[in-house]
Amino acid sequence: MNLLIGSLTIGLIVSVLALGVYISFRIFNFPDLTCEGTVTLGAAVSAVLLLNGSGPTVAIVVAMLICALAGALTGVIHTRFKVNDLLAGILVMTALYSVNLHVMGGSNLPLAHTSGFANAAAHLGKAVFGGRETIELLGRSASVSDLSVLFAVLLIAACVCALLYAFFRTQLGLAMRATGDNSQMIRALGASDSGMQTMGLAISNALCGLSGALLAQYQGFADISMGIGSLVAGLASVILGEALVGSRKLGHLLVAAILGAILFRLLVAVALRVGLNPNDLKLITAAFVLIALVAPMLIRQWRKHKPRTGVRHA
Amino acid sequence: MLEIHDIHKTFNAGSSNEVRSLQGVTLSLDEGSFVIVLGTNGSGKSTLLNAVAGSFITDQGSIAIDGQDVTTWPEHRRARYIGRVFQNPFSGTAPNLTIAENLTLASRRGQSRGLGWALSGAHTALLREAVSTLGMGLELRMDNLIGSLSGGQRQALTLLMSTLVKPRLLLLDEHTAALDPKSADQVIRITDRVVTRDRLTTMMVTHSMAQAVSLGDRLIMMHRGRIIQDLSGAEKRRLRPEDLLARFEEVRRADLLDESAAELLRRRYI
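Residue numbers (the numbering used here), protein chains in the order written: chain A, 361 to 674; chain B, 33 to 302.
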């Protein structure tokens, strides 16, 4: 039970990252590696603020703003200075590695004895359940504090999702979606596609930072290697979610990214439980994303070639 | 209305595939005039339209719309004056957005885009009414993704979108070239109707002699980055497709002569 709750919690935290990746990769068609740096940056900034006595909300909001700036920087490097999209992301990501080390003052920053959002949620949960440590859930005992944290994360992910859904239906948000779909058109309609893309990357990386900040507060430390592989993990979630939902509607796709992240996390938990070597995790994730990206093309080719080879052999 | 003065544009300057697309084009358009732009392949007619729209910044010369110098303005800033329809029917619409969403984007051309809802009930009703003027039945499919429509339908919608906010200048770049004859005919009829109704100042590039003689009140012919002929008034009205073909043939002969002369020189001196 605790394993399940833990997986769901991490899944929901990663789902915020998946929403960020959805924005950069699916809406803007921009493979944004900045997120590998901003996940850590979000964790680092919020950790340092917490250690200096800020509240968890302030820590998270400041972390998100700083990560948005990093995302906007990638956008400016790409749109203003015409640097290739992948390279622009890699440049900022690499620079952020040093920045993160400076922010944390080392490669790891423990958060013991500070009150992050997880502690706050746990306290609130205990108060609601009259101070009990565990409750019965589906016939098993579950820790009240773990459940409260799960609920808090669920609330955050739902809020982010709802806000994004609303935003992408405003004039500005719609123009952003159109930019990813057809940048020539949006220029002809009088909106700067560069500006839209930069703003979109800022939003995307703010979400990556939020995810990193939540993760640091949940697991009780910030670590320099937290962000590694986050783009691919986010992509895996987005792709899984799309396969689950099978719709092209905006609302469905946003929810799909969240569901995908949770499913992905559960699959990982099961695989680890069954005995998968944790060192192989990133290899398998990358292979999964590769297959998901390549398979549709291979299937198309196979379908096209099948009748022809039949004739040739006859 | 539109003042183009001596604009030049060379692509890939200094390299082996240098292309001198515009070599000193000067053109002045009156308010409400409908100009047909004709020319051989590579004559610079599309480049001229793109220069006006701001797809690139010209190397030399100036462009002014309504007395406002826009020579250094980026494309999206000029869009407040200019409506555009492209040759490729896929260029003017966003395939993964619905008809209503595409139209509402167009209804704010040249205005700021804020955090107000993109679509409201009353606004959608207005857009639906605009779509119904196309007579294609698309007003019943406002929530369909544009990607599911045919090229002709998408081009008709692009035309509607480019004129939803009345543009000071409408640029049509061979906008029927990629369509089947029936759709092309339909789009041309809509074009004629909209341009006449709103008295839009229009530049239209075309390859069709029939369109060139039947539409517009002025015709310019381009060749090798220059305007070689400019007909208007009675001259334009008297024009027949045969006259245009004859003129093209003349240009082609002159080109052949140039090439054979070059060949002669090459043989003699190299």
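Simulated from the structure, these hints should not be mistaken for lab results.
Hints are supplied without guarantee of correctness; some may be wrong.
What the hints assert, rightly or not - Here chain B is said to cover these stretches of chain A; the calculated rule only asks that three of the stretch's residues, wherever they fall, bring their Cβ under 8 Å from a Cβ of chain B:
1. 408–417
2. 471–479
To be verified - The calculated lysine to aspartate or glutamate pairs, modelled on EDC-like cross-linking and capped at a C-alpha distance of 20 Å, are:
3. LYS198(B) x ASP98(B)
4. LYS442(A) x ASP175(B)
5. LYS268(B) x GLU63(B)
6. LYS268(B) x ASP224(B)
7. LYS198(B) x ASP290(B)
8. LYS609(A) x ASP175(B)
To be verified - Restraint-style ranges between C-beta atoms, simulated for each label pair:
9. LEU296(B) x LEU658(A): 52 to 58 Å
10. PRO127(B) x LYS486(A): 47 to 53 Å
11. LEU658(A) x PRO127(B): 43 to 49 Å
A virtual CB, placed ideally from N, CA and C, is assigned to each residue, including glycine.
Output the indices of the hints that this structure fails to meet, ascending. Failing hints, ascending: 1, 2, 4, 7 and 11.
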